[in-house]
Amino acid sequence: MTLEKQRRIRLCIISGFLGAGKTTFLQHLVSTSKDEVTSVIVNELSENSVDDILLYRAGSIKKIIGGCICCTKKAELVEVLLSFCNKKTRQALSPRKRVETILVETSGVSDPGSIYNTIVNNAILSKHIIIEKVTVLLDATYKHPGKELQAFIRNQIINADEVIISKADLVTKKVVFEISDFIKTINSQAKISSSVKGKTKLLYQKESRSKNIIQHLPQEEQKYISEIFSLKIPLKNNTDWDDLVIWLSALLYCHGSNLLRVKGIVSSPIGPLLLQGVGKHIQYPQKLPNRFSSKAKYLILIGLNINKDIILESAKSINQEEKFKKN
Amino acid sequence: MCSACGFPEIKDYWIDAGTDSAASRLRSRLVRAKKLSVILKKYGLFFYDDGVTQLKQIGNLTGRVELVPNLEQLWEVVEDLLGKPLDPLDKKFFYNNVLK
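If you read the sequences in order, they're chains A and C. The numbering of the first sequence is the numbering used here, which starts it at 1 and goes up by one. The numbering of the second sequence is the numbering used here, which starts it at 1 and goes up by one.
By construction, these hints were calculated from the structure, which means they are not laboratory data. A portion of the hints provided could be inaccurate.
Claimed, not checked - When the alpha-carbon atoms are kept at most 25 Å apart in a straight line, the in silico SDA-like pairs for lysine to any residue are as follows: (1) A:Lys236 with C:Val65; (2) C:Lys34 with C:Val65; (3) A:Lys197 with A:Leu55; (4) C:Lys34 with A:Thr239; (5) A:Lys74 with A:Tyr142; (6) C:Lys84 with C:Leu26; (7) C:Lys41 with C:Val31; (8) A:Lys316 with C:Val31; (9) A:Lys199 with A:Leu288; (10) A:Lys197 with C:Ser37; (11) C:Lys92 with A:Leu54; (12) C:Lys84 with A:Cys254; (13) A:Lys280 with C:Ser28; (14) A:Lys236 with C:Phe93; (15) A:Lys133 with A:Leu54; (16) A:Lys295 with A:Gly271; (17) A:Lys316 with C:Thr19; (18) C:Lys92 with A:Glu100; (19) A:Lys280 with A:Ile119; (20) A:Lys280 with C:Ser3; (21) C:Lys92 with A:His255.
As the list claims (entries may be wrong) - Negatives, chain A to chain C, calculated, CB over 12 Å: (22) His28; (23) Glu76; (24) Leu203; (25) Ile228; (26) Val245; (27) Ile246; (28) Lys316; (29) Ser317.
Where a beta carbon is used, it is the ideal one built from N, C-alpha and C, also for glycine.
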């Protein structure tokens, strides 16, 4: 065996809170990377994932959905990583086809420290995989809704090797540097960059860095995370776009502080659209290719403290066909 | 820029994503106006959109009228007029909407 073949797979963990811009960052990374054998593992709290549609450029995508890879879906992550290791050691594969880099995109509420520990403590994985870095994205525009949530984001930053302040174009330079100073106070070892639409710019880097200290979340914060729910609203293929818009904009206005993330595939007069939003703000939807027009449409809401049944009941009204009947 | 009111056009407004031409944008806007007026009538408010100017009219039955450029600001004004935010999870919101 040559030295080159013995090389371990490099793995990057990309984390950050809901809607911080993980997928955008990953999209940029995948499309600009020269390394063709980049594999992506996408983790999603909800049962449907839109990230794999956005990341069609990547070499291969593995989805782990319906739970968080740091707790409930830990076993599934180990299984996927083992299959990558297995592929790597198979002699028949040409070096070009071997996986060289794995990018793990965690769900918005996962704890990167726990994923780090899972890989390092596994006897097989630790022999084959080297964790290159833990990247955490922090939304520059984010208004922290509560102390508890801030503690949760702080925990992600503590574990990071690299913190990227995303959406830096939406705030002033002063705010970016204020956030950068705040990050330095809780993790002085991290490399800090700012990013605009996935393009990063280095702000601060310490010359030598010691190993990261991995900390776990205290019990109360774990409880808070479990209160975050993900709700899937199935939509019909001919749902009226205007009804949806009226309902969604009113919902975001009335309950926007409790809804952290909105995403989904919806139908519109010009074809299927990919809808994405963070908090009260909704991005200009992306038009999807026509092959999506026959696929199931849905809307996913991630939030806290809202009665799921009432939302589903209310959503039925936008799902009715011919609701606005002519008399 | 709208020549009648001097309001700059809002670019990339997500609500217009379902349309691809000026004609379909106008059609969608008028359909939305009709639906909104049915919904808001139940709360004692009226909504009127002439489809020409950028601003839409929202008012209550006492005669107070406000002008709003988009849906987000409409809900803000509705909260102002009603004294509480209009909750779409309320059964009254969509129940028995019949367009005449």
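Now for the hints, and whether the structure bears them out:
{"no.": "1", "hint": "A:Lys236 with C:Val65", "verdict": "37 Å, violated"}
{"no.": "2", "hint": "C:Lys34 with C:Val65", "verdict": "18 Å, holds"}
{"no.": "3", "hint": "A:Lys197 with A:Leu55", "verdict": "14 Å, holds"}
{"no.": "4", "hint": "C:Lys34 with A:Thr239", "verdict": "17 Å, holds"}
{"no.": "5", "hint": "A:Lys74 with A:Tyr142", "verdict": "29 Å, violated"}
{"no.": "6", "hint": "C:Lys84 with C:Leu26", "verdict": "30 Å, violated"}
{"no.": "7", "hint": "C:Lys41 with C:Val31", "verdict": "16 Å, holds"}
{"no.": "8", "hint": "A:Lys316 with C:Val31", "verdict": "20 Å, holds"}
{"no.": "9", "hint": "A:Lys199 with A:Leu288", "verdict": "24 Å, holds"}
{"no.": "10", "hint": "A:Lys197 with C:Ser37", "verdict": "39 Å, violated"}
{"no.": "11", "hint": "C:Lys92 with A:Leu54", "verdict": "38 Å, violated"}
{"no.": "12", "hint": "C:Lys84 with A:Cys254", "verdict": "9 Å, holds"}
{"no.": "13", "hint": "A:Lys280 with C:Ser28", "verdict": "22 Å, holds"}
{"no.": "14", "hint": "A:Lys236 with C:Phe93", "verdict": "20 Å, holds"}
{"no.": "15", "hint": "A:Lys133 with A:Leu54", "verdict": "23 Å, holds"}
{"no.": "16", "hint": "A:Lys295 with A:Gly271", "verdict": "12 Å, holds"}
{"no.": "17", "hint": "A:Lys316 with C:Thr19", "verdict": "24 Å, holds"}
{"no.": "18", "hint": "C:Lys92 with A:Glu100", "verdict": "57 Å, violated"}
{"no.": "19", "hint": "A:Lys280 with A:Ile119", "verdict": "36 Å, violated"}
{"no.": "20", "hint": "A:Lys280 with C:Ser3", "verdict": "31 Å, violated"}
{"no.": "21", "hint": "C:Lys92 with A:His255", "verdict": "17 Å, holds"}
{"no.": "22", "hint": "His28", "verdict": "20 Å, holds"}
{"no.": "23", "hint": "Glu76", "verdict": "34 Å, holds"}
{"no.": "24", "hint": "Leu203", "verdict": "29 Å, holds"}
{"no.": "25", "hint": "Ile228", "verdict": "19 Å, holds"}
{"no.": "26", "hint": "Val245", "verdict": "5 Å, violated"}
{"no.": "27", "hint": "Ile246", "verdict": "6 Å, violated"}
{"no.": "28", "hint": "Lys316", "verdict": "9 Å, violated"}
{"no.": "29", "hint": "Ser317", "verdict": "3 Å, violated"}
Against the hints set out earlier in the document, violations occur for numbers 1, 5, 6, 10, 11, 18, 19, 20, 26, 27, 28, 29.
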